[in-house]
Each structure stands twice: as C-alpha cells, then as structure tokens.
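Number of protein chains: 4
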Amino acid sequence: MLSRMFRTHGAIGLGLLVPLLSWGVALARSQPEPAADSDGQRIEDLVVACHICANEGVMDSFGHLSVRSAKNPERFFMSRALAPAQVTVADIMEFDMAGNPVDPQGRRANGERFIHSEIYKARPDVQAVIHSHSPVVMPFGIAGVSLKPVTAQAGFLPLDTPLFEIREAWGTAEERGMLVRDSTLAKALAQKLGKAPVVLMRGHGHCVVADSIRRATIRAVYVEMNARVLQSALQLSKNVTYLDEKEIAYNATENFDLERPWDNLKRRLPEASKR
Amino acid sequence: MLSRMFRTHGAIGLGLLVPLLSWGVALARSQPEPAADSDGQRIEDLVVACHICANEGVMDSFGHLSVRSAKNPERFFMSRALAPAQVTVADIMEFDMAGNPVDPQGRRANGERFIHSEIYKARPDVQAVIHSHSPVVMPFGIAGVSLKPVTAQAGFLPLDTPLFEIREAWGTAEERGMLVRDSTLAKALAQKLGKAPVVLMRGHGHCVVADSIRRATIRAVYVEMNARVLQSALQLSKNVTYLDEKEIAYNATENFDLERPWDNLKRRLPEASKR
Amino acid sequence: MLSRMFRTHGAIGLGLLVPLLSWGVALARSQPEPAADSDGQRIEDLVVACHICANEGVMDSFGHLSVRSAKNPERFFMSRALAPAQVTVADIMEFDMAGNPVDPQGRRANGERFIHSEIYKARPDVQAVIHSHSPVVMPFGIAGVSLKPVTAQAGFLPLDTPLFEIREAWGTAEERGMLVRDSTLAKALAQKLGKAPVVLMRGHGHCVVADSIRRATIRAVYVEMNARVLQSALQLSKNVTYLDEKEIAYNATENFDLERPWDNLKRRLPEASKR
Amino acid sequence: MLSRMFRTHGAIGLGLLVPLLSWGVALARSQPEPAADSDGQRIEDLVVACHICANEGVMDSFGHLSVRSAKNPERFFMSRALAPAQVTVADIMEFDMAGNPVDPQGRRANGERFIHSEIYKARPDVQAVIHSHSPVVMPFGIAGVSLKPVTAQAGFLPLDTPLFEIREAWGTAEERGMLVRDSTLAKALAQKLGKAPVVLMRGHGHCVVADSIRRATIRAVYVEMNARVLQSALQLSKNVTYLDEKEIAYNATENFDLERPWDNLKRRLPEASKR
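Residue numbers (my numbering), protein chains in the order written: chain A, 1 to 275; chain B, 276 to 550; chain C, 551 to 825; chain D, 826 to 1100.
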C-alpha cells in the first residue's frame, strides 16, 4: 500500500503533488486515523519530525531522520537525499538492515544511511535515529569538552556523552574522510554510541536515538538547549554544576510528557509545512 | 460564570473553539470592558502574558504563569499542562492554596503547580508568578555566578538574586530529582525567594513574581535582557560595574511605565495569538 | 499646518486613524512629494527611523529618536512616550530647547527628552539624536571596555567612544538613579559626547547623533554591528587590530552611500509598518 | 538580447516592473528553460544567490556577488550598487576585465567592483565571486585568528585561510582607507587569495570564489557556519581539533551535492523574493 503510494507520487510532477497531498489530508480527516503505532503513523510522524528539526535549527540542508518499521523491525524508513524541511510522505523510502533501499524507484538515498542501519542492528530498543550537523552541539566535540547534562530537561543525557573520533575508525588508512559512508565506519559509530541516547561526532555533528520518533525529536531539541546553556555557563565559570547520578536516575523514572513539546513544536511550523 | 464558560468550552471540540473565541472577541468589543481588576481581566491578561513570554523566548514548551484571584486571594489561576504559546481562556484552571485544582473537568494540571501555591502563601504581596526555563538565565545558576543588575531596566533586581539549590531541599534523600513537584520542595523554594522579585533554580530555570501579571511579564523580559547583557559584559571583563544600592533604591521610587512595554510586546505577537 | 494635523488626529480615535493614514498615503502618491528637507519630510523619515531601529534590534520598548526642525533650529520633533515600533506621524510632538513640548495636546512626553534638547543646544551640527538601550552595545560601558572601530562600516567612530558615568554627574548626592531625567544630567551627558558621533551610557544604553535622521539610523545599525564583531573578536584574542587614525581620517572623506542601507532597511520592515 | 532587456527595464518604472517580472516567470514556465550554462541561467542564479546570501545573513545592505560570462570569459555580471536583497535581473550590469561597465545606462556600479575583475583575471578557474561583510567571519581577521576548517561541511577550506591586510597594500602612503576601490588594491587582494577558495579582509569582510555561483553561495553559507562553530569551540577550549590534510584531501574528492542546499536555501527565501 505504502510502496504503491510512492510509485504513484514518483510518476507525477511536483505541480500535481501538492493538491494530491491536500486531498490526502482532507481524506484523512473524514477517514479513521492510522492505528496508534502503525507504519503509516510512524511515517507521518517522521515527516513532521523532519520539519520540526529544520524549524528549530537542529537540521540544516543536510542531516537525516529515520524511524524503524513497526511491522518489520528489520526495516526502517528515511527520506531520499533531501533537505529535511522539504520532505513529504512521497519522499520516504524503505531500507533494510544492510542500508539498502528496498524499492528505490530512482530516488537517491542518503550517502550516510549506514549510520541508521548499524544503529538499528546494534540497538533493538531504538525505534528512531536523528543525525544532525547542529552548530551549537558541534563545538563540544571539536573542543574535546564533554557535553554533560546541566538542565533538568536534558536529564536523559548520561554523566558523559560519548564522542566518536572517525580517525580512530579509519586507523592508519592512506586516505580518510569525515563522512560515515559505509557499514564499517557506521558500525564503529554504533559501538561508540553504546547504550547512550546521544553520540557526538567530532567535526561532523551528532546522533540522537530514542524509542519513538517523537521522543528522538524532543531529545534532539533539548540536546541543543543543553549545549547552548552549557556553552554559556562554561563562559561564565569553569566551576559548573552538572546533574549528578541521582538526578539522572530520578529523571529516568519521571513520566516526561512528550505530547506537550511535540504539539507546541508542531504548532511553530510555518504554514506551508502543516498542509 | 467563569467556571461555566470553562465547562462549555471543555465539552466542545477544538474545531468549534476558534470561531467561538472570535465571536467572544466581537462580543467583547460591543460590550462593556471587564472591570479594571476583575478576575476576568486578570485571566485575559494571563493568556496574553503566556503568549508574550513564549514569543519573547522566556518560555519554551514547558514553564507556566499564574495570577492570584482578585475576588478570593486564597485562589489562583493557571493554565492546564500546556505550552504557554497554546494557552487560551478555556485552558485556565482555578487552584487553591494547597495546589489542588478546584474544578479540573478532566484537565491535567502542571506537576509543578506547588511552586505557585507556596509562593502565594508566603508572599501576600505577590499577585503573579512566572516559572521559566530560560536558556539565557539558567547559565548563571549553573555556573554559580550572581545574576546582579547591570542595566537600568532591570533595576528592580536586588544587589544579589537568590539561587535555589534543590539538593539542599532534598537533603540526604536516597532518591532526588530536579523538579519542584510537591509542597515541601516548593516551600523551600519560596523560602529562598524571600522578599526578592526573582529566584534562580540551579539547572532548572527561575521564577519571577510581581504585584500584577503585567509587571511580572515585563520583569521576566528584562531579567532575560539583564542576563544577556551581563553574560556579554563578563566575557569582556571581570571588572563589571553593577547597579549599586543607591541606584536600586532610586529605581524603586520611579513610576515605571508598564503599559508601554506591555502594549509593544502584545503588538509583537503573531496574528494567530491576537484573536 | 503640522500642529493642526496633530490636533485633528489627537481628537479622533485609533480606529479612525488607520484608514485616515492610508488615505493620507494614497493622497501623498497623487500629490507632490514633500520638499527635500522640509519638516514634513523629516517627520516622515523620523517615523520610518523609529520602525527601522525597532526592527533591527536597536530599540526595545523604550528608547527614542528625534530630529531637529528644518524651519526652526530651536525646535525638534520626537514621538510621545511610546515604543518606537508603534510610532506614527500622529504621535510626533514638537519640543523647544528646554525640553518642553510646544503643544502637548494631552500626550505624555518621554521623561528623558532632555537628552535631546541638551545635545541639540551643545551641537549645532547635529540634526538627529537616537537614544537606545541596545543589549549588544551596553556590555562595553558596563565592562569598561572601549567601543573602538574594528569594521570599515563603523569607520565614523573615533579612536575611542566616550563613556558617560552618571555617578560622576550626580556627584555626592544623597539619592541618585540611572535615568537622564533633567537638564542638568543631560548637559553632563552632552558634554561627555563632545564632538563624537556616539556616547555610551554605563548600564543604560547609548546615544548616536548625525547630520540627518537617515544617517543617525544607519550609524546606529553599524554601531551595533561593530559592537557584535568587536565582542566576538575580543573573545578570540585580546590582540585585536582596530582601525587606526589614517583609516578613520580616510573614512571621513568617503561619500558613504546612505540611501542604499536606508532603502534596504525600509524594505525589511514588516508590512504593517510600511503603510 | 540581455542588454536590450536591461534597456527596456531601465526605461520603465518600478511599478511596471513587478507585473512584467511575474509575466516573465509565467512565460518561463511555458517556454523552454534557459540552456544549462547560458548567461541567462547564470544571471538568474546570480539574482537568487543575492537573495539567499541576504536571507542567510551572509550579506547586509552592502557586499556584492558576481558571475563570469559563459559566452565571454573576459566579462562578468554584477548588480548595480544595491543591497543584494533588492537585486532583480534588471539591476544586473556587464563588466569588462578592467572593472568598467560595458553599458551602464546611468546605473551606478559598485565602488569595489575591481575586487571581482582582478580575481577573474588572476584565477581563470573562478566563475563566481562573493564579497561579504559577514559579522561572524570578520572577527577572525580582526583578532588575527586563523579561520581553519573544523566542520566536514567546510572541508573545502585549506589548512589556513589567507588574510588580506590592506595596510600592506597601501604601504607608506600618506592617506589610506579600508575599501578596495581600485585595481591596484584589488590586485594585491587577488594575490593574497592565491589558489584558495576564501580570503579574509581584516576589518572589512571576506571573499569566496568557486567554479559556479551556486557553489560559491553554498560555500559562503558554510564559511559562516564554520566560523560560528570555531568561535564557540575556541571559547570552550584552545585545544581544538581542526580537519587535517588527509580529511581535506578526501573532501576534495567527494561529489558534494550542491543542489540539495541550493534548493533548500531557495525555499527559505521570503515569498517576495521568489517571484
């Protein structure tokens, strides 16, 4: 059903697409909602998450978000190579655990899709992965300064956030670059992530994972906020008070209300993204 | 009358709410204004204050604002658990001094509502409380650097702004977190606030209080401004000139024109918030 | 003619004002433009300058701009006490060199209007005065760090920008505050300004002067930019290269194209301000 | 054909221009696209690049962008003296390698057009030049701190970005300024640029060059991002990890997808710029 929808959209021009999508929205209103955690719902959330991350400055023209399939945990959904702000349902592709698109239909996949497949393989608990080049998080990896939690809202962070140095993964290779463009590099990244919710990538960006695309989105937003606050605090004094073990343990027990920031960040989207 | 309005709005869907509110506005124009300091006026101001604080970056998806009842000083009004930018009159609930909602009608209250009830109990002069997670104020508490007044517009600040360390309130508890989720913690916070207009909360945010919701809003905006300016000044030199006792004493005697910034900040609201 | 226009506008409600102004605009299009440097043109520019300074972050809800009368150099024009973003032609009042409004018509004047009158008295070359509370300029006065020119666009700044410390003006007074609310304090400020284009006011803001309201506006915008750039440069290194005497002397000889930034900043105004 | 279009547009008022341009857009849709790398396409891209650079904060009211002619490599196109945000096709002028406008039609050329002509002469590989006064890049030249690449997206930067000190070009001249207003100064700037993609200009701004106007635009945006990230990193620690030789070499071999950010940045333009 989904792949049929993609094929149809792939065949028509962009001019036709917008009215069709509007019609889809109108239809959705008069029809039953997608099941609470169906792939349809996950893909719908993924598109909103792309727009939120772009709107909140988590994403620039690059970076990508994915969600695992609810039906088949060996599959995940991610947009074709496209700026997150521009992603629509028609741009979502399905991938297997080798990072291969199941039915590309001529659409170009992100070169760094292996980040997602390797994390899904290593972490069965993870349902969503966000890879960002956030300019407020990146300085920490570059300066070798720990991105520790200093704000209650980022209490999901561990005492220390792991940092991936791609030079270690490349070892003594004659040639080496910055992008995580194959499974070997991605496996090293997933290993560095370990059981953490976030891994920094020196000079490149970071990844955020969670048990839903909504939670990953909210986490990505609060990783930014924590980075901003920590940057300012460290400029005021080197004697900063971080959250301690007890505070982090307690945070894990709190029933954090995801829907509140999700609804608010959705509301903040420009009109064009809400259609 | 008010609680009846809530009940009606609670029973109808969101789709109906917006036209009804517009109709309310149209009606308000042809009818007499609410009395200068009635509960109706305070609630109307509270909703505008929510939108202003969100629009000026004082509030993110969390944080909350309240106003004491003009009719019954043992009661106060605050929105249900909802991002401040999204609050409408229909979301305002009434609370007693134990922090219990008087007539919840199934609406979920903010977990940290005790911050408000305990401050109202401790400070009969306070008519409004704003609790924010502002990312420009938070670094001061985290870095243990005093948020002192450096700008004439924040001359309402004392020589030193008190800082609440929740670890002290928890003492040697086995488990402890960051949120002020019961009366005991909130009482300790109110005690730290003392007679000040602002209290910082380490790693969490801060509270601003005043004798009206309008003044609390303007204060919240200028606490942000003072924090921004002080952060920059301290990055230029450690030898900063703070306002001194005389300047603060004089500031207290000046008839600060509240309506000017209030009108301007209201004007800056996005169109959707003005309806 | 002008004062008659004010009287008429003063007598009608705000609801009537907007259509009248639109009509005024329509009329202006079919009628001859105001003379190149008439008071009508100066007032029109003053209103645009208010909106630009608000839109570019030079002004918050306070701060004020004025222009000297072309017809009578012993008079100047400034809005009533109102946020600059909200100023319309109907809000402009006329003042004499004692800082008294010529025909207030019940409108409240800015408490700090003496800043303007004293500068106009001390500096016959000055045709416009802007007083701002800019949060990016203020840190320099507070930190006691010189706001020196580091960018070609701010080459109008002298080797050192004077800093006004209001405590010196108050001397050993029992009571003293931060605001420049009378002629005595304002005279001390004008004296500190001397022949400079800008004077910083510790913990309060700064003033920019020029030979036209357009030039004062562009200067105000580039004082901000210079402050931002210098703040960042000083955070990178204490070994900063400032413009030197020759570069400043040369800058004074260049025919800086005012219309280019003026037009662009006007274009950037929100639609509502352009009517 | 192009110069005729300019003449026509030059002769008509701005009121007529907008509908004509809209009509041009409508026409363009029903007509064949301009050839892939024709001068028509380059000029169209140049106008979009002007708007993108303004919208992304690379450009203020000054600064300018140019593209070499595809037909005649001894010519280049650049707007008349106008803020980049306001540039339309009708504002584009043609210049020769001496920096002289071929057919000015009364339009005023940028005083610093020699920057462009001298770079085109010295660098046959360069097809586009962007000169900006970016306030986030400028601090590096002023502080004498190297703008080195720290982010994968700015991996096109060399190990060190050259810095132009105009005082060296002026030597012992009696008078000297900051602007590059003749061929002699511009030649010295082009020499400092050498084979690099970027040259910083102390206290003035910087230039970005590339083999297309699209690539120059994307580079300009990522030079900003790299400057922002490096500024923050250096505030966290002096022990920063820069991209190394291998990473830069590898970056040069990667087929960086230009269309993705170009499309996204185009989408971000305000509606008025898209007509």
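The set of hints was computed from the structure by calculation and includes no laboratory data. Be a bit skeptical, because a hint or two may be false.
Unchecked claim - The calculated BS3-like cross-link candidates involving lysine-lysine, where the alpha carbons are at most 27 angstroms apart (straight line), are:
(1) B:Lys521 <-> C:Lys737
(2) C:Lys816 <-> B:Lys513
(3) B:Lys521 <-> A:Lys238
(4) A:Lys148 <-> A:Lys71
(5) B:Lys396 <-> B:Lys346
(6) B:Lys423 <-> A:Lys246
(7) B:Lys513 <-> C:Lys788
(8) C:Lys698 <-> C:Lys621
(9) A:Lys238 <-> B:Lys513
(10) B:Lys541 <-> B:Lys462
(11) D:Lys1012 <-> C:Lys788
(12) B:Lys513 <-> A:Lys148
(13) C:Lys788 <-> D:Lys1091
(14) D:Lys1071 <-> C:Lys816
(15) A:Lys148 <-> D:Lys1063
(16) D:Lys1063 <-> D:Lys1091
(17) A:Lys266 <-> D:Lys973
(18) B:Lys513 <-> C:Lys745
(19) C:Lys788 <-> B:Lys423
(20) D:Lys1071 <-> A:Lys192
(21) C:Lys742 <-> B:Lys521
(22) B:Lys467 <-> A:Lys238
(23) B:Lys346 <-> A:Lys246
To be verified - Covered stretches of chain A, as calculated for chain B (at least 3 residues, CB under 8 angstroms):
(24) 179 to 190
(25) 229 to 238
(26) 263 to 270
Claimed, not checked - Under 10 angstroms between C-beta atoms, here's a sample of chain C residues computed to sit facing chain B:
(27) Val639
(28) Ala640
(29) Asp641
(30) Gly744
(31) Ala746
(32) Gly753
(33) Asp813
For each residue, glycine too, the CB sits at the ideal point set by N, CA and C.
Now the hints, each set against the structure:
| no. | hint | verdict |
| --- | --- | --- |
| 1 | B:Lys521 <-> C:Lys737 | holds, 22 angstroms |
| 2 | C:Lys816 <-> B:Lys513 | violated, 39 angstroms |
| 3 | B:Lys521 <-> A:Lys238 | violated, 32 angstroms |
| 4 | A:Lys148 <-> A:Lys71 | violated, 36 angstroms |
| 5 | B:Lys396 <-> B:Lys346 | holds, 16 angstroms |
| 6 | B:Lys423 <-> A:Lys246 | violated, 31 angstroms |
| 7 | B:Lys513 <-> C:Lys788 | holds, 14 angstroms |
| 8 | C:Lys698 <-> C:Lys621 | violated, 36 angstroms |
| 9 | A:Lys238 <-> B:Lys513 | holds, 14 angstroms |
| 10 | B:Lys541 <-> B:Lys462 | violated, 33 angstroms |
| 11 | D:Lys1012 <-> C:Lys788 | violated, 31 angstroms |
| 12 | B:Lys513 <-> A:Lys148 | holds, 26 angstroms |
| 13 | C:Lys788 <-> D:Lys1091 | violated, 39 angstroms |
| 14 | D:Lys1071 <-> C:Lys816 | violated, 48 angstroms |
| 15 | A:Lys148 <-> D:Lys1063 | holds, 19 angstroms |
| 16 | D:Lys1063 <-> D:Lys1091 | violated, 36 angstroms |
| 17 | A:Lys266 <-> D:Lys973 | violated, 37 angstroms |
| 18 | B:Lys513 <-> C:Lys745 | violated, 30 angstroms |
| 19 | C:Lys788 <-> B:Lys423 | holds, 26 angstroms |
| 20 | D:Lys1071 <-> A:Lys192 | holds, 23 angstroms |
| 21 | C:Lys742 <-> B:Lys521 | holds, 23 angstroms |
| 22 | B:Lys467 <-> A:Lys238 | holds, 25 angstroms |
| 23 | B:Lys346 <-> A:Lys246 | violated, 43 angstroms |
| 24 | 179 to 190 | violated (count 0) |
| 25 | 229 to 238 | holds (count 8) |
| 26 | 263 to 270 | holds (count 5) |
| 27 | Val639 | violated, 18 angstroms |
| 28 | Ala640 | violated, 16 angstroms |
| 29 | Asp641 | violated, 12 angstroms |
| 30 | Gly744 | violated, 22 angstroms |
| 31 | Ala746 | violated, 20 angstroms |
| 32 | Gly753 | holds, 6 angstroms |
| 33 | Asp813 | violated, 24 angstroms |
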